[in-house]
Amino acid sequence: MAATSVRVAAPGARPKLPGPLELSIRAFRCWLVMYRRTWRASIWSSILGPLFYLGAMGYGLGSLVDKHGTASLGGVPYVVFVAPAVLAAHSMNSGLSNAMFPVFGGIHWNKIYIAARATMLRPVDIYRGHLLFATMRIAMNAACFVVFLGAFGLIKSWWGVFLLPASVLLGVAFAAPIAAWAVTLRTQTPMNYVIRFGSLPLMLFSGTFFPLSQLPAWIRPLAYATPLWHGVALCRALCLGNVTLGAAAIHVGYLVALTAVGLWAGSRTYYRRLYV
Amino acid sequence: MSSRPVRSTSGGSGFSALPGARGIRLIERHARFYRRMWLVVASGAVEPLFYLLSVGVGIGGLIGTVTGPGGHPVPYRAFVAPGLLAVSALNGALNDSTFNVYGRLKFEKLYESVLATPLGAQDVALSEIGWAVLRGLLYSVPFLIVMAAMGLIASPWALLALPAAALVSFATAAAGVALTTYMKSWQDFEYVMLVSVPLFLFSGTFYPLSVYPNVVGVIVEWTPLYQGVVILRDLVLGAPSWDLLWRAAYLAAIGVAGLAVAGRRIAKLLLV
Amino acid sequence: MPGILALVPEVLVRAQGLTKRFGSFTAVDGIDFELQAGEAFGFLGPNGAGKSSTMRMLGCVSPPTAGNLTILGGDPVRDGAAIRARLGVVPQEDTLDNELTVRENLLVYGRYFGLGRKLIAERTDQLLDFVQLTERADDMVDPLSGGMKRRLTIARSLINDPEILILDEPTTGLDPQARHVVWDRLFRLKQRGVTLILTTHYMDEAEQLCDRLVVMDHGKIAAEGTPRELIARYSTPEVLELRFAPDEQDAAAEKINDLSPERAEVTADRILIYEADGDKFLERVRAAGLTPLTELVRRSSLEDVFLRLTGRTLID
Numbered sequence: 001m002a003a004t005s006v007r008v009a010a011p012g013a014r015p016k017l018p019g020p021l022e023l024s025i026r027a028f029r030c031w032l033v034m035y036r037r038t039w040r041a042s043i044w045s046s047i048l049g050p051l052f053y054l055g056a057m058g059y060g061l062g063s064l065v066d067k068h069g070t071a072s073l074g075g076v077p078y079v080v081f082v083a084p085a086v087l088a089a090h091s092m093n094s095g096l097s098n099a100m101f102p103v104f105g106g107i108h109w110n111k112i113y114i115a116a117r118a119t120m121l122r123p124v125d126i127y128r129g130h131l132l133f134a135t136m137r138i139a140m141n142a143a144c145f146v147v148f149l150g151a152f153g154l155i156k157s158w159w160g161v162f163l164l165p166a167s168v169l170l171g172v173a174f175a176a177p178i179a180a181w182a183v184t185l186r187t188q189t190p191m192n193y194v195i196r197f198g199s200l201p202l203m204l205f206s207g208t209f210f211p212l213s214q215l216p217a218w219i220r221p222l223a224y225a226t227p228l229w230h231g232v233a234l235c236r237a238l239c240l241g242n243v244t245l246g247a248a249a250i251h252v253g254y255l256v257a258l259t260a261v262g263l264w265a266g267s268r269t270y271y272r273r274l275y276v
Numbered sequence: 001m002s003s004r005p006v007r008s009t010s011g012g013s014g015f016s017a018l019p020g021a022r023g024i025r026l027i028e029r030h031a032r033f034y035r036r037m038w039l040v041v042a043s044g045a046v047e048p049l050f051y052l053l054s055v056g057v058g059i060g061g062l063i064g065t066v067t068g069p070g071g072h073p074v075p076y077r078a079f080v081a082p083g084l085l086a087v088s089a090l091n092g093a094l095n096d097s098t099f100n101v102y103g104r105l106k107f108e109k110l111y112e113s114v115l116a117t118p119l120g121a122q123d124v125a126l127s128e129i130g131w132a133v134l135r136g137l138l139y140s141v142p143f144l145i146v147m148a149a150m151g152l153i154a155s156p157w158a159l160l161a162l163p164a165a166a167l168v169s170f171a172t173a174a175a176g177v178a179l180t181t182y183m184k185s186w187q188d189f190e191y192v193m194l195v196s197v198p199l200f201l202f203s204g205t206f207y208p209l210s211v212y213p214n215v216v217g218v219i220v221e222w223t224p225l226y227q228g229v230v231i232l233r234d235l236v237l238g239a240p241s242w243d244l245l246w247r248a249a250y251l252a253a254i255g256v257a258g259l260a261v262a263g264r265r266i267a268k269l270l271l272v
Numbered sequence: 001m002p003g004i005l006a007l008v009p010e011v012l013v014r015a016q017g018l019t020k021r022f023g024s025f026t027a028v029d030g031i032d033f034e035l036q037a038g039e040a041f042g043f044l045g046p047n048g049a050g051k052s053s054t055m056r057m058l059g060c061v062s063p064p065t066a067g068n069l070t071i072l073g074g075d076p077v078r079d080g081a082a083i084r085a086r087l088g089v090v091p092q093e094d095t096l097d098n099e100l101t102v103r104e105n106l107l108v109y110g111r112y113f114g115l116g117r118k119l120i121a122e123r124t125d126q127l128l129d130f131v132q133l134t135e136r137a138d139d140m141v142d143p144l145s146g147g148m149k150r151r152l153t154i155a156r157s158l159i160n161d162p163e164i165l166i167l168d169e170p171t172t173g174l175d176p177q178a179r180h181v182v183w184d185r186l187f188r189l190k191q192r193g194v195t196l197i198l199t200t201h202y203m204d205e206a207e208q209l210c211d212r213l214v215v216m217d218h219g220k221i222a223a224e225g226t227p228r229e230l231i232a233r234y235s236t237p238e239v240l241e242l243r244f245a246p247d248e249q250d251a252a253a254e255k256i257n258d259l260s261p262e263r264a265e266v267t268a269d270r271i272l273i274y275e276a277d278g279d280k281f282l283e284r285v286r287a288a289g290l291t292p293l294t295e296l297v298r299r300s301s302l303e304d305v306f307l308r309l310t311g312r313t314l315i316d
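Chains as they are written, first to last, in our numbering: chain L, 1 to 276; chain H, 1 to 272; chain G, 1 to 316.
Any given hint could turn out to be false.
Taking lysine to aspartate or glutamate pairs in the EDC-like style, the calculated list, with each CA pair at most 20 Å apart, reads [as the list claims (entries may be wrong)]:
#, chain 1, residue 1, chain 2, residue 2
1, H, Lys-106, G, Asp-29
2, H, Lys-109, G, Glu-104
3, H, Lys-109, G, Glu-93
4, G, Lys-220, G, Glu-104
5, H, Lys-106, G, Glu-93
6, H, Lys-109, G, Asp-142
7, H, Lys-109, G, Asp-94
It is worth saying that the hints were derived from the structure and are not from the lab.
Sequences and hints are given; from them, build the entire structure.
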């Protein structure tokens, strides 16, 4: 048996870790590999779902609304009023569905997080890598829908080129803080409550299917405070072309702030949850 | 312990001798299990209420009135409410006849332990469907109460709305359990969403069929949820007709067929 | 004359030509056996022998493909529900309800038999005491250890006071201490007069618990009798186990054959010599100039019976 030489690290030299971006991308790649196996299952509900809503609400209900009069909508046909809101709601749902059950599952079901934390990846890298994947999914879903909107002639202005980044920002503004929260859960029941008492009422009452003027006055400030309303207002303005820079700045600023808070919280909750 | 020879009709009181009647014991078990998480179960009743407020009242303000089943105009929210009642009956039954049945079949092995007792495959099928119907009622009853409180009930015929809603739940539950016995993996459940979402949106819940071009309208007429919506709408808004009996028979037929298939499939999967 | 009739053992289960086929695969190939009241009857065999399929047919959850099967005087296909009402089943994999507590598992199961709540409550207390789980009565099932879950399954199977208890590999997967607790409980049940029918691939379990047993292999019954009868019939009183260095084994086997043992088997790692007196033969082996790495003289067991009958060991 030939003697093998053993290489001993020189004293004082430390192994070099890749930078945080590279680490996040490594975590992201894991989700990408999984997605290659499961993409077929999600593609139909990612694409068909919002299309169905657009068809039923936009065109079906729209025929009833247009008959009655669209003054309260700003004079546009109902489908043009509703379409950008469906885009916004779809992005919100993409953000939530990627930030809740997969994050919880990463700890309790398929245990991807547990496996990853044994490597050089730090909890914050796991968080950012997963968010990168969520962003990719949100962007894919939004892009499909924007294409449909364009094809159906529902984008009425050149501001519409900003629809994709706007809806991605909305989705991420939901995904970042929700993922930070979901990683702390011990059972899955709170997530069902978030859907039932959080995203569903948001989707129904944030000026999506009817203008906020229909809501009683005392409840309107509550709607203005919610993220989906800002997303809906932003997307609608971009779609219809009546963008005022002041309002747009408020909407974008709100969503960016929400994302930043989420990112800050996530690095902390992931650390506390994974390095126990 | 001496053994008595077994006679084919023995095996308990007269009640248990009824085919499928033993299934009530399995329903007891589900009730015991869900008692712990009653809030999760009960809060599901809230969803159709949200839709009623948002679509019925919120969008209703943009629509005004619609032609009702009697031929005269009704406020939009009175038109939408019975449709959402049918949807709540369907949704209540859906989870417990699809996802939960699959989980119990493949992972919890619940049916295996049950089938070692006097219960048979048909008992199991009946109990799963029965439980899903109970859950559908759990959603329909509060919705009906809210409808009454909002003044959306226009006729004493609405008393039949509860059994009609139970019929919708029965058809949903039976079809759900029967189809779930054919599923092979969790990915197959995408099909459940793929069917239930369009059903929810396009079955005349939110707008009359007259909105559709003729061809589409004919197709929708054959869907079970549409039949349920029509039955409930006609009852609640006071426009009953003998027609409704045919529609109810259609739902009942789906229920009975699903029940038979479910029993046979469970036997095929577990009593092999 | 009632006195004489009372001496005749009552037959609870009779199988003739019992067969079970799954498509082209025959799991149980025309077996015959009888189960007498009050005995502990065992099916011994390796995995895939057809034991579990036979248990499922006995439990009336699997229809026989061919042959006759009579359980408690009834036909399993026609009278299934009525027969199941008088059986207790301990399946191979735990089928406990993980989302209920220990007590609730017994309650719910008892309700499947249509028993009244008060009766179930009484029996629950007795049964939990019997399997020593009283302190865990209100705990959820999921966090219990494997041994505790098996004991709970046994308690559950007794809730309807069954006449026959069917156990499919009752101690597989348990640690030695848990196994002994289970054996002890089953032994007490036997003393109380419950008829047991069990499958196992552990020979010590079969020897400890069974009054009579059949050896099953590839769907057929290879032998039947009490453990002692089987050993006497198919093996010698003692076995001499010798191990040699791998390259020396063949040469050693030839030399041993020259000594004309009553019977010798060469397995992958040992040479087994079946003799009435193992020590005497060992002296002859040493006198012949052989130096084994290890030597062991032990009494015959059912494993040797199985090896003789099928040419294979019980545990692959």
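Q: Take the C-alpha atoms of Lys-109/H and Asp-94/G, compute the straight-line distance between them, and say whether it is at most 20 Å.
A: Within the cut-off at roughly 9 Å; holds.
**Q.** 20 Å Cα cutoff - pair Lys-106/H, Asp-29/G
**A.** 29 Å, violated
**Q.** Restraint check for Lys-109/H with Glu-93/G, where alpha carbons must lie at most 20 Å apart
**A.** 10 Å, holds
Q) Does the structure keep Lys-109/H and Asp-142/G at a Cα separation of 20 Å or less? A) Holds, because 14 Å separates the two Cα atoms, which is no more than 20 Å.
Q. Under the criterion that the straight-line Cα-Cα distance not exceed 20 Å, is the pair Lys-220/G, Glu-104/G satisfied?
A. 40 Å, violated
Q.
So if I understand the rule, the pair passes when the alpha-carbon distance is 20 Å or less; does Lys-109/H with Glu-104/G pass?
A. At roughly 17 Å apart (the allowed maximum being 20 Å), Glu-104/G and Lys-109/H satisfy the hint.
Q. Taking 20 Å as the top limit, are the C-alpha atoms of Lys-106/H and Glu-93/G close enough?
A. 14 Å, holds
When each numbered hint is compared with the structure, violations occur for hints 1, 4.
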